[in-house]
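Taking the hints into account, I'd like the entire structure generated from these sequences.
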Amino acid sequence: MSDLLWFFAISTCLKLLLIPSYHSTDFEVHRNWLALTHSLPLSQWYLDETSPWTLDYPPLFAYFEHFLSIFAFLIDPQIVDLQKGLNYTSNSVIFFQRITVILSDSCLLYGVYRLTKDLDSGKRILIWVLVVWSPMLVIVDHLHFQYNGFLLGILLISLSFLEQGKDLAGGFFFAVLLCFKHLFAVAAPVYFVYLFKHYCWCGLVKGFRRLSVLGAVVVAVFAVAYGPFVYHGQIQQVLRRMFPFGRGLCHAYWAPNFWVFYIVLDKGLAFFLRKLGFAIQTPEASFTGGLVGDSSPFAILPQITPLATFAMVLLALSPCLIKAWRNPQPGMITRWVTYAYTCGFLFGWHVHEKASLHFVIPLAFVAVQSLENARHYFWLSIVSCYSLFPLLFEAQEYPIKVLLLLLHSIITWLAFSAQFTKGEEAKAAARIKKKDEQLKLKGNSSRADKKEGFVIGGVEKSYLVGLLVVEIWSQFLHPLIFGDKLPFVPLMLISIYCGLGIMYSWIWQLRWIIRSPNL
Amino acid sequence: MERTKGRKVVKDKEVGDGDLCWWLVHKGIAASFLCIAVFALLVRVAISLHPYSGAGNPPKYGDFEAQRHWMEITLNLPVKEWYRNSTTNNISYWGLDYPPLTAYQSYFHGLFLRFFHPESVSLFSSRGHESYLGKLLMRWTVLSSDALVFFPAVFYFVLAYHSGRSNGHKTHIAWHIAMILLSPCLMLIDHGHFQYNCISLGLTVGAVAAVLSNKELVACFLFSLALNHKQMTAYFAPAFFSHLLGKSLRRRNPALEVLKLGLVVLGTFALVWWPYLHSMEAFSRVLSRLAPFERGIYEDYVANFWCTTSVLVKWKSIFTIQSLKLLSLGATVSTCLPSMVQQIWAPSNHGFLYGLLNSAFSFYMFSFQVHEKSILLPLLPASLLALEEPFLLKWITLYALFSMFPLLCRDKLILPYIAVSALFVLIYYVPSGRQDRKEMRSFNSFFTICLVSCSVVLHIVYLTMHPPHRYPFLFDAMIMLLCFSQFMLLAFYTNAKQWMLMKRSVLLDKEKKLH
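So the protein lines, in turn, are chains Y and R.
With the numbering used here, letter number 23 in the first sequence gets 41, and the count goes up by one each step, no holes.
With the numbering used here, letter number 181 in the second sequence gets 212, and the count goes up by one each step, no holes.
Everything labelled a hint here was simulated from the structure, so no lab data went into it.
The reader is advised that the hints may include incorrect statements.
As the list claims (entries may be wrong) - Straight-line C-alpha distance at most 25 Å; calculated BS3-like pairs for lysine-lysine:
| id | chain 1 | residue 1 | chain 2 | residue 2 |
| --- | --- | --- | --- | --- |
| 1 | R | 58 | Y | 479 |
| 2 | R | 278 | R | 528 |
| 3 | R | 278 | R | 291 |
| 4 | R | 534 | R | 278 |
| 5 | R | 528 | R | 425 |
| 6 | Y | 141 | R | 58 |
| 7 | R | 201 | Y | 141 |
| 8 | R | 528 | R | 91 |
| 9 | R | 246 | R | 291 |
Said to hold, decoys possible - Incomplete in silico selection of chain Y near chain R, CB under 7 Å:
| id | residue |
| --- | --- |
| 10 | 21 |
| 11 | 23 |
| 12 | 91 |
| 13 | 95 |
Just so we're clear, the structure is a prediction, and the values are computed from it rather than from any experiment.
Every residue, glycine too, gets a C-beta built ideally from N, C-alpha and C.
In structure tokens, the structure reads:
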């Protein structure tokens, strides 16, 4: 534990140093939530429209903001003032909000601790390096500003309970997580199938009793969260705020997922058909403009509705659900949950690029299991970290994000190669011993010296080189050649390229899940 | 003999297992250096987000404006005008007072700034320029100088220092690198307060590494460059001089060796000073800019001898500047004499590093016109000696940080101060299972706890309380006194250590002869 604290403290020092850096509008969003949960009665929380940044997280998060606002009021009353606090950016509010993020990361710390306490020291340190020093968390939470470390911590706690076989507690924490941020609900089908099969599938009477206990726990969590709003008769308003489907299929900056290819295909088809002489209308809503209304943004391909994306996600999830149904084993749950988040990221409705955190962080716990997984993780973490680069677009943060990614790739490379060379060495030594014993031939030992270290494949390597090319193009060559023209091209390029990478990772994960033996 | 060696190897492996950073070192020095260097660079970038000295504080601003102004001057005026007071170059407004190499460096950085943001270095109109891009570009010039000068020099040093030793555990090397690269004071002054110490100190580290790998001529060249970048590097001059002299005396042809070294030094100086060598007048003008004796024997509350004892003895009113000059010269020379004699008598790589520390200490304590920032100079050899003297490094770093606390408070750098000191302590105490840390247990007990808590309390008092009206600088004086006492103790200790080193080597020699 004290060693883990050391890793955590090092990253905390860096986070403290990053306090004055750029923060996005999410900072003001959270400040507004502090203000409205502090100065308004509970019944007004989901109705208030003083600021455009209305409350759109589930109630537990609102309670959390209310809790924070108590301290905010003590530090500087203007932070929690609904009117005077709008776009307030004094040092007090910046320090206060940044430090709440840093402190709330202790939840992540506890989650990591719980998940790693039974592992051997080598793997444990590896996971700490990957998760506690994750560059993506630094970029999203401590530069861009969000509370993902805290929320992922709850997810990790839930997973750790499941891995230990304590299904009830795992289910409880997952329900809590859902009441903090509903975007995590993508993994709910996996949880449902797993808990149903692993926890409740044991005879009729016992099973029914367990099912009702589990149900009661989940309902209790939801009742605590949503109860007050049901009491005020606002549940519809709360849900409308939480699921703003009007926001469109893609975010202003396209998250690197499946829909990027769909849009590009549509644009490409429209372009060629127009060249061939067909009269194709230009859609009114454009994807590069940001907010999208109800009109179809597609020229040729059919419009995508939220329901369609929902069906796609379920379809993509189905192999994993079948596996979980057939053979619910605790050792696989982390992998399944990360797979679910990958599907949600690829096919979901209005996905943010930040959502890639939901699968990259838990995947670190899987990555240390074998060399193949490590290779995949090394590559995926670089790609998804790179896909976050457009979040920080100002010059001041440019060296920070580049150095973060560089440091992360050097560290993971060093750590994985140390871990797996060590393992291979031990294996090789064992092999030599066996051979020596069996054949009494000492000449053969030299062959076993050829150890298989941590090397990534040719495709992956060339993809990473391509990443560098994309970055150089979009940062330096594009402005140099085109000037201010076509400003969306670099961003589009990044999301298409990273989209390819994440699709590849999805296929890789899917293959792994299908191939895993039904023990 | 064979068996004990085997056991030691096994022990090392066990240590490696409980070690948090085993993954860092298994690919060799270069890979771990790269990793630590990227981290160190990241920390530097993060520090540079914070304010600098004199930010938004007209009319004189601070060191940031001084450096920017030098870029403006060197970029827009011919070389001969750089040090001369004229209608275009008002010397009283941050006139250039560093040696020519700094001026050339300012010129090149000025070119960089002009390419991206011409307004930030235009003559006259750019005074007090503080735009987003201008500030950023200035910060990036320091970052790039650090990455291009200091980091490679440290790499060279680490290679040279560890090449002769086979017994060092790999994690120790990584720790050593981290201690040098993540020196909190240097990072805060260069990337927070805003200066280019990384260049002169980097050149010095390069020279030290050259000495350690027996390339005296390279060492002379690099050290002369360092001297020509910042005259303060002269704090190390006695050590370099005595060590190289001592070494030359042991060669077959001492006079020739000394002559060679002297020629390299003179040649380098001539090269750097070339534009000012055409007339005596130009030369002496530059020289007079470099030695601002009129600024008094000390400034602010620096924890050195003159400033601390001025509480009791009013040096400034008793003596004239002329006699103070002589007094401080005498004190400095006499205090660094023992260490010089030791190095001339028995030059050794180890003794050389101690000699650097001792001469820097005596200059910091007794020389004329010392800043708080000058503590960086004793700090450098202390960090190079980290593996020999971990406790010394910790102690001097913490008190050097403390002695700069009032300065950093004025610069509004308290947050990075806290974060970077915490980072230093964390890395110093990395739970790596290093068993042979030569920390004095007894010293680590009551006495140190007392001192540490004392300084923590002083920090809090300084930040939260107002000093009494009669003594507005009471807290500064208290900090100064505390730091001075610690520096004095450490200086005594390192001087004694340098001489003891010789005794030990003599003993070892005797043992060898006996066997």
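Here's how the hints hold up against the structure:
1. 58(R) <-> 479(Y): holds, 20 Å
2. 278(R) <-> 528(R): With Cα atoms ~20 Å apart, residue 278(R) and residue 528(R) stay inside 25 Å; holds.
3. 278(R) <-> 291(R): holds, 13 Å
4. 534(R) <-> 278(R): holds, 18 Å
5. 528(R) <-> 425(R): holds, 17 Å
6. 141(Y) <-> 58(R): Between residue 141(Y) and residue 58(R) the Cα gap is close to 18 Å, so the pair holds against 25 Å.
7. 201(R) <-> 141(Y): holds, 20 Å
8. 528(R) <-> 91(R): violated, 44 Å
9. 246(R) <-> 291(R): holds, 12 Å
10. 21: Check passed: Cβ of residue 21(Y) comes within 5 Å of chain R, closer than 7 Å.
11. 23: violated, 10 Å
12. 91: Status violated, d = 22 Å.
13. 95: Hint on residue 95(Y): violated, closest Cβ of chain R at ~21 Å, above 7 Å.
Taken one by one, the earlier hints fail for this structure at numbers 8, 11, 12, 13, listed in ascending order.
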